Amino acid sequence: MPELPEVETFRRSLLQGEKGSPSILGKLIRDAELLWNRTLAFPEPEEFLERVQGQYVTGVGRRGKNLLISLSRSTLIIHLRMSGELIVEEKTNPPGKHYRLILNFSDPYRLAFNNIRKFGRVWLTSNPDSIIGHLGLEPLAEDFSPETLYQLLHSRSRQLKYFLLDQRMIAGLGNIYTDETLYRARLHPARRSNTLSQEEAHSLWKSMREVLREAINNQGSSIDWMYQGGDYQKYLSVYNLEGKPCKRCQTPIKRIKIAQRSTYFCPKCQPLPE
DNA sequence: ACGAGCGCCTGTCGGC
DNA sequence: TGCCGACAGGCGCTCG
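Note that the first sequence ends on residue 274 in this note's numbering; no numbers are left out.
One or more hints might be untrue.
List of simulated lysine-lysine pairs, DSSO-like, C-alpha gap at most 30 Å [unchecked claim]: (1) K244 / K268; (2) K234 / K206; (3) K97 / K206.
For the record, the hints were derived by calculation from the structure and aren't laboratory data. Here the structure is a predicted model, which means the values were calculated and not measured.
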């Protein structure tokens with residue numbers, strides 16, 4: 001499911017709470033239940049269950065698509081992958097069918113990791129860099145400049161779709177927001193990264209940040225039955241819109257496969273130069 | 001260096 | 001109605 005805007009939305013609701021569920025900040029973890037062993041990437045289940053209990057939640061951060069829940073003595077890193085979501089609710093609720101990990105707090109609440117497709121992963125570590133150290137630039141960071149992006153684009157010769165999906169380059173974009181970004185920047189997804197001019201790189205930089213900010217302001221996108229949080233799907237320009245007229249020129253949106261992923265673009269607005 | 005193909009999983013949807 | 005393939009907000013691995 002989630003890309004940067006959806007993960008950021010989870011981060012904010014864990015931190016601030018929302019209707020019906022409180023913030024998890026300051027809560028004490030009494031114990032944990034692991035319901036699908038492979039959810040845990042590190043450490044081994046026994047050690048995890050023993051180490052996590054008795055720790056307080058001291059913060060909730062994000063790096064790319066990873067959630068970082070700071071505890072008193074270590075950090076809980078959660079990657080939701082395709083179908084994960086986090087739920088804060090009263091412990092008396094019947095547990096969901098796809099709950100994979102539950103943290104029970106010392107008060108009436110729990111944090112549940114719901115994960116239909118079982119791809120999501122959780123780490124408990126005192127050295128977050130060993131897990132997320134490979135990630136690239138944070139696209140909304142203050143110090144992420146158009147010039148930095150231009151240099152990075154020219155350090156490789158990748159198709160833009162591959163470039164933007166590669167978390168070692170820029171961390172946080174997935175299939176929806178790469179297509180939306182490229183549409184806004186009027187760049188073809190198969191365009192080679194090192195052929196962009198300064199102006200084109202600047203346009204890509206601006207488009208990426210606009211798209212992500214707008215999505216965050218709408219609590220992300222909910223495009224099917226999986227995630228029902230946000231509203232941004234109403235504003236998508238190309239993703240999942242094969243055959244629909246381009247908003248700018250009315251040309252039907254095309255769908256192709258790049259990186260084994262459906263890739264949507266306007267063949268007129270996003271031409272591929274020789 | 002680059003990218004194709006596949007595996008990991010459960011569920012939905014459309015075609016026949 | 002039932003079956004079957006295609007497809008889904010991700011990513012790590014192998015291979016050429």
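task = Measure nothing beyond the straight line between the CA atoms of K234 and K206; if it is 30 Å or shorter, mark the hint as holding.
result = At roughly 21 Å apart (the allowed maximum being 30 Å), K206 and K234 satisfy the hint.
request  = Would you check the hint for K244 and K268, treating anything up to 30 Å between C-alpha atoms as holding?
outcome  = Between K244 and K268 the Cα gap is close to 13 Å, so the pair holds against 30 Å.
request  = Measure nothing beyond the straight line between the CA atoms of K97 and K206; if it is 30 Å or shorter, mark the hint as holding.
outcome  = Not satisfied, since the Cα-Cα distance of roughly 41 Å exceeds 30 Å.
When the structure is compared with the earlier hints, a violation turns up for hint 3 alone.
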